[in-house]
Every structure is written in C-alpha cells, then in structure tokens.
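Based on these hints, arrange chain B on the given structure of chain A.
Going line by line, the protein sequences match chains A and B. Okay, so the first sequence: first residue is 1 according to my numbering, each after it adds one. Okay, so the second sequence: first residue is 1 according to my numbering, each after it adds one.
Far from chain A, by Cβ distances over 12 Å, these chain B residues were calculated:
1) Gly59
2) Glu63
3) Ala94
4) Glu228
5) Trp235
6) Arg516
Computed list of lysine to aspartate or glutamate pairs in DMTMM-like fashion (alpha-carbon distance at most 20 Å, straight line):
7) A:Lys132 <-> B:Asp304
8) A:Lys51 <-> A:Glu124
9) B:Lys434 <-> A:Glu39
10) A:Lys558 <-> B:Asp508
11) B:Lys191 <-> B:Glu171
12) B:Lys270 <-> A:Asp376
13) A:Lys140 <-> B:Asp304
14) A:Lys132 <-> B:Asp307
15) A:Lys51 <-> B:Glu460
16) A:Lys558 <-> B:Glu73
17) B:Lys434 <-> A:Glu27
18) B:Lys312 <-> A:Glu414
19) B:Lys312 <-> A:Asp406
20) B:Lys421 <-> A:Glu306
It is worth saying that the hints were derived from the structure and are not from the lab. Ideal Cβ placement from N, Cα and C applies to all residues, glycine included.
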Amino acid sequence: MPTITIRRSDLAGLLKPSGRPSALTDETLHGLLPLVKGELKEAGGDGDELKIELNDSNRPDWWCAEGIARQLRLHRAPAAGQPLRLRRRGRLAQIRVERPVMAIRPFLGACIARNLPIDAALLEQIIQTQEKLAEIFGQKRRSLSIGYYRLDPLQFPLTYTAVKPTGAVFVPLGMEQPLTLEAILDEHPKGREYGHLLKGATRLPYFKDAAGQPLSFPPIVNSREVGEVRVGDRNLLIEVTGTDLRLVIMLVNLLAQNAADRGAMIEPVEVIYPNATPYGRRVVMPRDHSTPTVLKRDALFAVLGERLRDGEAVRALKQAGHRVAGAAGGWKVTPPPYRGDVMHPVDLIEDVAMMRGYGSLAPELPTSFTVGGVADRTRVEDHVRQWMIGLGFEEVLTNVLGARGDVLDKMGVEEPVVELENALSLQFAALRQWLLPSLLRVEAASAQAFYPHRIFEVGEVATVIEVPGGSPRAFTASGTRRSRTDLHLAALLASPAAAFSELHSALERFMLGAGATYRLTPASHPSFLDGRAGKISIGQQDAGWIGELHPAVLERWKITMPCVGWELALSRWPQAAAPGARLRDGRGPTSPS
Amino acid sequence: MSESIGQIISGLHPLERKVLAVFAQQPAAWDHELLQRTGLDESRLAMALGWLQSKGVIGVEEERGSRLVSLTELGRNYARVEIPERRIMKELTAGRPILIQELRERLGLEQLEVSTAVGNLKQHGIARVGQGGALELVSGELPPQVVGLTELISRLNQAAAPVADEIIDVEDRHILYDYIDKHWKTRGIFKFYEKVTKRHKLTALGVDLVARLPEEASGDVIGQLTPEMLKDGTWKGKAFRKYHIELNPPRIAMGSAHPYRQFLHDVQIKLISMGFEEMQGPLVESEFWNMDALYMPQFHPARDIHDVYFPKDLAPADDIDPALLERVAVTHERGGASGSAGWRYTFDRARARQPILRSQGTAVSARTLAGKPRVPGKYFSIARCFRYDQVDATHAPDFFQIEGVVLDRATTFRALLGLLKLFAAELAKADEIKFLPAYFPFTEPSVELHARHPRLGWIELGGAGLFRPEVTMPMGVEVPVIAWGLGLDRMAMVAMGLHDIRDLFSTDLEFLRTLRPPSALSSEPGT
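So here's chain A without its partners, still in its complex pose (with noise of 0.2 Å):
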C-alpha cells in the first residue's frame, strides 16, 4: 500500500476546471479520497503538501496525482474521461528487441510524450509515480520498471538486447565516471540493491540508440546523459521492461495517460521482437488491450442486494472509467487501457457500489437463524482457567514466538522445536513448545512484585513430530518434522518458601476438578532438582511434569527466588477433562458438529 506526497495545488489544477485548492479543503478530501481507496494521512507544512495512502494494491493507475484527479473528474462528469490524444508523425518510432536479452528480462514497452513541459514540482512527482509503481506494484523492479529519457537527443530506431557484463560503459545517473556494467551492479547504489534480480546472468539488459547512444541498464539504472530528465525538457521517451507482456503495456498505457492528463501529445512507438508475442511480433504502444467483461444485471443485484435502474448502474460503471454496451441480460464492459485489474464481474460491481457510494447502501440485518458454540478446546481452557483462579493463581498470557534459548538451553532441554528460518532478531526467532519458560520469563521480570507469586498460563504451544518415513516427496520444504498446535497449562510458585508440597496439592485439586486419576513417578527431568520432580501420567499417558526448578535453570534465568513449576499437555489426554469436553489436538479446524 503506497503513500504519496503530493500538492494541493497540484491535484486541483488537475481538476480543472473547477480547480482552486481553496476549494479542495482537508474535509473535502477527507470526503472524495473514499473514491480512490484513499486516505488522508498528513495535511503538511504549507498546506500545499499532502500525504495520501492508497489501499488499493491492484489499482496501481490511482497511486498518483494524475490518477486520483482523474478518478474524481470521472466521478464528476463520467463522459469527461480524458481520451489519450495520439499523434502519428509519420513512420512510427521503433525499438528493436534482440534475442539474447529475451531469456533474461524479455520484455519492453514505450510511447513518446512531446509537449510536456518539465518542471521541478512535476519531475518530483514523476519520479514518485515511477518508484512508486516499480517497487510495489513491480515487486521491488522484479517484473516491472520503469524509465524515462530526453528524447531530442535519441536516434531511432533504439535496441534493447544483453551483452557481456564488460560490454557497456557508461556514466550512471548520480555518478561521475563511466561505469562497465558490471561495475554498475558492484558500485552503485542501485545495482547493490536491484543486482540481485540478474544474478546468475551471462549477459545483461542493454538499451541503447542507433548511434550507439546508451540509454540505461535495465532494470538497474539510466545513463545520466540522456537517461536524467531535466527541468526545461519538454520531450520525453517512457519506457517499461519487466517480465509480463500484458503488464508492461498496461503500465505504458498508464503513464501515456498520466502524461496526456497533463496537456502531453502522445507518440506511440513500435516495438518488435524476434518471435511472436501473445500481441504479435509488432507490438504498437499505447495499446488498447482490454477485453469486455458481461456484468449481469441479476448479479449485480443479488450481490449488493439492491435493484439499480439500468441508467444508474450505467451510469456508475462510466463514473468508474469503463465503456458499457448493453448485453443479453446486463451489460458489455470494457475497462480503461491503464486498468488491469478486472477479473471478474464482482470486481465492476465493486465499482458500481464505490462510485455510488458505500453510504448509499442500507445496512440490513442477517435473517438466518444460527447456533453459536465454543469450539470444544475453548470449553476445556475456560475451565482450566477458573479452576486455576480458584486456586489461587494469577494468569498470564505470553508470546507463543519467542527465543530459542528461552525455551531449550535456559532449561537444559535439548528437543526439537520450531525455528525461523527468516528471523528478524534471536530474541523473536523459535516457537514455544512449552509455557513453563513463559513462567519463568515473568518471574524474572517480577522480582519487584510483592511474593509469593502464583501465576499460571493456558495456552497454545508448537509440538514437533516426526513424520514417519521423513518427506514423501521433494517439495519446497524438505524436512522431516511437522508441527502441531496443542494446548498446554503451566503453573509456577516462586517465594523465599516455595515447597513442592503446595504445588502438588494444587494439581491434586486441579486433578479431582478435572475429574482426572493422575500418577506422579519419580522421573529425571533436566529442568527440574532430581529426587524432586516427577512425571505426571494419566492412564498410560504421560501428560506432563512437575518439580522444583533447578537452581542451575534459575541462575541462568537470573531469578533468585526459589521456584516450583508444572505443565501438562492438556491436548494430550486420553479422556475428558472437563464433564462433556473432550480435549482434542488443535491441528485443523474445529468440524462443524
């Protein structure tokens, strides 16, 4: 989701003719923004400035001040969409795609724009609207990209092909010195941060003109000598290369528009390949290459659960910027050039009820008589809880996601667990497989809070299974372990006095509550004081521990008070715990029952 900064003054000269920024106050954008799924998110300094996030992440033609006016003129006169103005000046301009560069980052798109005069407010803007497109809508330069170049000094017809990494030098845009390409990828800043996207390559993208003029590295960067639009220039070439046909046309469809929205004369530009394209081999942009959608009127009136006039519903599609014929039972709709986002009739109803307005829709109240229920480990945990308060203990909740040496070396214990593999931070880097570190980490941070201390937490872990046979089939993950989701419920008594005895009654009470027969073993538990932990089964099951935690465990956690603890795997029981619950493992969905 983009945020742009743009001008008041700015968006309202686009809105002409009725455009005074004084009349395009805080409120009243507060009030239009909804039609672009925009939010007002700053009013700055001078007034003039404004900070604007777009939702929208499929409607790249609205992450601009151009887009936004054009949405708002669309909304207020739907005839008033601004038709590109293309001029043929005789033999269209040409760019040659050469083979070698087809296995690498095959595709490029271009118009011209003459006429449109520079200056430092509208470069600001082109150079946000393309940055903002290439990084998110173009996944970080990945699968789109974009650049813009003077085109007075440019010889047509232009190449885009791939040479050797040391088969091009030329002097990058905010450098001094004549770059190998290679070295562009090592040296600049935006081949550090974009090199990775050819890594692996032989060759690289190069684009240049017929007098050998270089023009840029894409998807990396420009040459400065033509490839930096100045303020004066007047001519401009635009250029996309990326990895989806469709895509690259609709965004040079996009950016003619945005250029013609400001008084420019669009040249469009012939591009031809060495084989055929999905749009032939001869590709001319901008290109009209939307396809008809039929909207059905019952469709459209059982999804909004409202009966529109043929006119109103019409009306609401061109305010949205598509052209409407009528159709069998509804309407043919074909969305603007810019637009790519249409996939199905829900989406041209979704446009219907935006430009219409959400407010315009009365809210109604479901009909359908249902049964509400808890799922049945929710049953479980509530009861635990209130035995558990009854008893006296005070409940925390804690992070599931947490450090691996909270869990593992801090206790002694050596298991596996979930790990990260793309951690931020060690501190945020495995999942609990068990709560009792949980404890233990409030102890820690409590020594100021008045003892003893009784505290208790119910609540998810990540068990680690084994599967058996390790993984069936070489797939992206390739390990042998799975992770399943259970319930758990530690307790833990810390104070100057903490006996085993206390802790054990409570289980006792907690035991009979649960209508449970449980059996304590003396067992070896690497947490716990040997000779004072054991393990808790029920039936044949083994459900858990309890013990005094070894001072080794306490030195390591930093606590210095004397500290009791047990856990149970609540999920793991045989039978109900609670009258009419059963304790169920949490992997899957609760079944509807």
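What follows is chain B alone, placed relative to chain A:
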C-alpha cells in the same frame, strides 16, 4: 498485659528477633536502615516487619515515595549494542557517507531511532546531511550528554535491581530527565516505578516488649484465642489484647484472570450470543491455507520473505486435498470454473505446501470453507498470528486476530453492512459508524468499518467483504460468503490505559496486578 507480651515473645520468629534487636537500639528505623543493620534481604525483612506489625509491636510512622528507575527492553538492548548515536558514529568513522535508509538497514534500527539519533548528531554538529542525502561525519567527538547517557545506561544495566532515583547523582539525573523530555515519548529506554519506603516505630506495646525481650513472662491478656481456650473455657474473665486495626494490612495477591485474555473471552461470548460458532486452526500453517486458498497470488507483496515467517526444516504440508489444490491452482492461473480471468501466471503447486507461521486469521476461515460448512452458518475464530515486523510499540511478536465468515444463500453486500453495524453496536457500543471502500485480495466488494470513539475520534474497527468467487468456488461453496475481521485491540488498550501493544503480553507481574481490566466490550474506559 505482661502475659500477652510474654506470649508474643515466646512466639517470636528468629527473623522478628533480628529486627527487634535493631529497635532495642533505636525506637524508629527506615527500611533501608533495617536492611543494612539486620543483614536480611528485602523479602525476609518485609515478612518479619509484616508479622511484627500484625502483632501490633511496630507501626508505620512515616512513608516516603521514591522513584526507581531501570532500563526497558530497548534500554537493555542499548546496553548490549550501544546507543544508536554511537553506532552511527562508528559507521561514519569507518569511511564514506551513508544514506540514512542504508544506515537503518545496516544497523537494524527503527525509523524513529535513526531519526532521533541523527537529529541529535546533527544538533551537536557531529554529523551533517551532505550531497544526495547521505550522512557524513563532521567531528569525531561525542557530546557529553551522549557520553553521559551511555554511561548511565551501562550503570543501570549492571544494577541487579531498579535504582532509586535519589541514588543517581545530580548530573545523571539531569541527563535522565533531559532525555525523557526530549525523546522516545512512546518507547522509552527508561522505566520508572514508584516505591514506598517506610519508617517503622515501636508501638507502646512494642516498647514494653523490647524492654522485656529477655524475660519469659506470662499474664492475663490474651493475644491469640486458641481452640483449647474455647474448649476449657479459660478465656473467661481474661482481657483480649486490642489490635491496631488502623495499620495497613500486609498485601496479598488474588487469583485473577488476565485482563486482555478476559476481554477476548468476553468477545467470544458476545459472538456466540450472535449465533457464531468457533473454529480453530494450527499456528504453523501452509502457504496454501494462509494465502493460496484465499486467492492471494503467489507474487503478492504480502507473501514476501519480508512479510511472513517461514519455519526451518519442516516437511511440506500433507493436509491439502490434491483435487482442491488443483482447483485452486487453475483458478489462480486462468480463473478455473469461477468465471474469472485469473491472475494469469504460473502457479507453483509445490510452494502451496510450504509451511509458514499463520499470518492472518482468514487462514482458519479458509479451512472451514473447505470443510463442508453449514449453510446458513456463522463462524468465528480468535487466532494467534505472526508477521515479519520489528517488534515495537505497535507490533507484538504475535497477536490475536478476530475473524469469521457468514454463509447464507441470500447474503448480500447490504447484509454485510448490516452485520458490521451490529458488530459496532454490540462489540464497541458505537452507533456512529461509516463504511469506506477497502482492498483485500480475497474479497470483492470490500469495506472498512470505522466508528467514532469517545476519546480517539474515528477509528477503524474492522474490515470485511464478500469472498471472491475465486475463493469459494474451488472449495465447493456455492453460496455467497461474508468474510469479516475485527480489530478490537486498540479499543481494549485504551480501556486498559495502555499505549504499547507489547503490554498486552506483559511479563511484569507488578504491572499486571495494577492493570485495569477493560470493562467488558465498551468503548468507555474501564471503571
């Protein structure tokens, strides 16, 4: 009287005797004097004082509040890795000018930390922003304030317990308050506690008792009524020692529910009362249930390695019906049977089985939709979710999402708006609401619910929409489905008086004990 004193004396605990030995020298003493002279630790001393007080031997003569200061997590982190000013300086000393964005990434700092530190360095003329927005070094000398701050952080980090603010010397205190005034209003590196220290004094009884400490005595005043006295009637005709009931009692803790957990429980109850059935899912999901089944294209920006967490070394998910996977795949690619054009790319079927940490509660809804749900049916889940975000005041390591679906043959967008209106009234007591267009990859039309909060103004309460046919059709669901999600944390935090989402999962028991539970599901502050 003498008998009562005798009984007390005979019942004295060794700890109490230690404390009374001090009082034999001086009639009154401060906590810290007692700590020093008895050699007891704080908790044992507190116990002994509590007992003596309950026996009426000593009383509190004077209380003085003092401020304790310690480091927050952030502060402790700075003690480990040094404060950003120093780290930035080191980077700059190492060589060429650096862009601020690059600095931030290289040092793994948050935006606010960098801008504050850079501002500081600029202000003291240590660095300046040069050509191209890169930061460059001007002088190699750190200002005394920054040096002092570093030293203070390191001292506080070495202290075993929070340090009383009167123990910090004047200069340090100056640095401390100066810093708090200027910076980190929302995420401090210092944390304060109020601590009360007391001056204890012997009561009249205590004076007598201390005087007679060495004696063994017996008398006619009863201190503790015993079962024996009641059985044999020896209490008759005796006097009972009077208690000093005006003295503060010792504090005790109470078994209690966690306030935020209780809030979530109240939400559960409310949703059940509206006919919603609970659904649950696992913490470790697959990309399939978390995203693919929700028609989020595999190139969607929110699926990046920088947006979701991937677990290490886990086997591919095995709980995906291959036929369903295939239907979802072709729907992504060309729309399948959904009537859609699809996203028009090549769907990677293997990637669907990649395990990830659940990043949105909608994953649970996806599982329900594929599991033959009831029609009409209403479902909800309160699910822990994980996002690849720096943990800070607005991002917890994991958090709860409240989400659900409604399946009904006659569901419309207007019914969806009606449901949201009902939620606002029932869960937030808000009747002033508005609906704004929104975007979610899995719903169309999509809407955001905003409500007017008495203190915060307009806040976003949730998002919703009708599931796209590309989501429902592959799962065999042929009725329209409302998908909704509620964001009630902000409301709960306001009601609890919190400003930092991490406080919802606080590990500080003292803090938890003072937390106001949010008065159930009201936008009003807790009472």
